[in-house]
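**Q** These protein sequence lines are chains A and B, in that order.
Following this note's numbering, the numbering of the first sequence begins with 1 at its first residue and continues without gaps.
Following this note's numbering, the numbering of the second sequence begins with 1001 at its first residue and continues without gaps.
Hints were generated in silico from the structure; no laboratory data involved.
Where hints are given, some of them may not hold.
[What the hints assert, rightly or not] For lysine to aspartate or glutamate, the following EDC-like pairs were computed, each having C-alpha atoms within a straight-line distance of at most 20 Å:
1. K103(A) <-> E1209(B)
2. K1116(B) <-> E76(A)
3. K100(A) <-> E1209(B)
4. K1244(B) <-> E49(A)
5. K1053(B) <-> D1067(B)
6. K1166(B) <-> D1193(B)
7. K99(A) <-> E1209(B)
8. K15(A) <-> E36(A)
9. K1244(B) <-> E76(A)
10. K50(A) <-> D16(A)
11. K100(A) <-> D1032(B)
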Amino acid sequence: MGFYFVDPELYKQYKDRVLELSQAIQINYPEHLPPERRKPGFSDRQIAEKLGIEEKAVREIRCVAEREYYPVDEWERALEFKDKACRDFAVGGVASVTKKYIKRQKDKAG
Amino acid sequence: MTAQDLDQMQAYKTELNDLALKSGALVLGVADAAAFTAAQEGQRPEDLLPGVKTVIVVGGAQPRAGDWRSPTYRHMETTSTSDRVTAIGNRIAQHIERRFGYYAVTIPPGVDRARKPFLNVALAAELAGCGSPSLAGPVLHPEHGFMYYAATLTTLPLPFDGPLDKPACPAPECVSMWNEHATTPCMATCPIDDGGCLGGTLVDERIGERRYDVARCTTRVQTHFIPGFQKALGAVFDEPDKEKRKMILWGTAFTRTLWSMSYSNVSQGQCFECMRVCPVGSKHRELR
């Protein structure tokens, strides 16, 4: 093969750690948060230094692992989600997402 | 820099602002190129243009009010792209080089080999005062809400604009909803703890904590783009039955993905549901 790709065994060994360090699920990642609260993901170079593997290997592992993270079913669910959310909004506006909370509050009060 | 130089730079900035607005932008702001300290290495202005002094951000190319009203989410898959605002960024860059004689580079809207943007344009928009980051993610302008941004790096030492004093997110309506129901419209439509992408808290009418499932958001924003294509192709390779392989390859999901990829060679967002319910700028989406 003429282009670089990562060895599958190396991938399996490091994918969870790479995802964790790069923050596949971002928690307090945004730049505008105060420095004491901000937890940005590490860069590929920083992850490589922590794990003791090459930066280009980290890059490949991260890109493949991000794609593998959700199974193809999640793509199908995405279509269903968007279709429903968009149609509900066309009918009810913002109330399409707020009404259930207001109803819950009314039920609680009543 | 002398007072005369400062006047000259202010005049250049006014000229660029007029050019941007005439070209269809809604806002223009200027960030200090040295202020990108929160960006990762390789994604700072100096990494892309040696000697860069400022980052000019233009915003616009919003979906139309009618786009937001359509009950067909697929409509916005193809009508909403950053192409138009990037073209304005390119026009700014050309004007700077030809008329003022300084280097200028417009950031391309795609990603590099590491699937990262060449520059964090959202951070640039924030530092240029064009908007503020939202709980949902996109940078929101206080008046216009969601829009697309383009950034142009230049050695032209224009006067800077700073970040906004008061962030656009959370909107007053969202603070009220948070106080009563511990959620906001964007989190309610796409809740991270119930199969969605967004979570977080508001504290003292500001964003407190934020959680964002970027991998799930990718399945929604780029359902029929490169990531969707890769997943579908993987399913084809995994399928040993020839007839079933044909069903996948000629089926609707794979076909739609190929159409989508050929419509646009740059970033193409395909999910707008958190922004559809966002109150910031929504008055411009309420027409007759």
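**Q** Decide, hint by hint, whether the structure agrees.
**A** Hints versus structure:
1. K103(A) <-> E1209(B): violated, 27 Å
2. K1116(B) <-> E76(A): violated, 25 Å
3. K100(A) <-> E1209(B): Violated - the C-alpha atoms of E1209(B) and K100(A) are around 24 Å apart, more than 20 Å.
4. K1244(B) <-> E49(A): Violated - the C-alpha atoms of E49(A) and K1244(B) are around 45 Å apart, more than 20 Å.
5. K1053(B) <-> D1067(B): Between K1053(B) and D1067(B) the Cα gap is close to 38 Å, so the pair fails against 20 Å, i.e. violated.
6. K1166(B) <-> D1193(B): violated, 29 Å
7. K99(A) <-> E1209(B): With a Cα-Cα distance of about 25 Å, the restraint between K99(A) and E1209(B) is violated, given a limit of 20 Å.
8. K15(A) <-> E36(A): Not satisfied, since the Cα-Cα distance of roughly 28 Å exceeds 20 Å.
9. K1244(B) <-> E76(A): It holds: about 17 Å lies between the C-alpha atoms, which stays within 20 Å.
10. K50(A) <-> D16(A): holds, 14 Å
11. K100(A) <-> D1032(B): At roughly 45 Å apart (the allowed maximum being 20 Å), D1032(B) and K100(A) break the hint.
This entry does not satisfy hints 1, 2, 3, 4, 5, 6, 7, 8, 11, going by the numbered hints stated previously.
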